[in-house]
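*Asks:* For reference, each letter of the sequence shown is one residue, going 1 to 83 in the working numbering.
Mixed in with the good hints, there may be bad ones.
[What the hints assert, rightly or not] Straight-line distance between alpha carbons at most 25 Å, and here's what the computed DMTMM-like set of lysine to aspartate or glutamate pairs gives:
| # | residue 1 | residue 2 |
| --- | --- | --- |
| 1 | Lys9 | Asp37 |
| 2 | Lys64 | Glu40 |
| 3 | Lys65 | Asp37 |
Bear in mind the hints are in silico, worked out from the structure with no lab data behind them.
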Amino acid sequence: MILTEKDIKNHNKVIGLRQVIRCIKSNQLWCVLIATDIDEHIKQEILAQCTSYGIPYVIKFTRKKLGEIANIDVKCATIGLLK
1 MILTEKDIKN HNKVIGLRQV IRCIKSNQLW CVLIATDIDE HIKQEILAQC
51 TSYGIPYVIK FTRKKLGEIA NIDVKCATIG LLK
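The task is simple: from the sequences and hints, build the whole structure.
*Replies:* Right under this line is the structure:
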């Protein structure tokens, strides 16, 4: 799966850990982006949910870069791309 910044910016998405986890559980996502520089326990929580629900994930970009891609003024640990 190759995702460019433009693809991510133009896709409908949810931003942040709580929203991503909620959407994983309700089967609304086709892919989850995870920042490379998040705490290990947060990363493990996201990975466990993705694996449990069969949702692919990509560990790419820093939290700062994910925030920029999501067009928000703060760092972002994860982004979920909606189906």
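*Asks:* All the hints need checking, so say for each whether the structure fits it.
*Replies:* These are the hints, each one checked on the structure:
| no. | hint | verdict |
| --- | --- | --- |
| 1 | Lys9 / Asp37 | holds, 20 Å |
| 2 | Lys64 / Glu40 | holds, 17 Å |
| 3 | Lys65 / Asp37 | holds, 11 Å |
In summary, the structure agrees with every hint in the numbered list given earlier.
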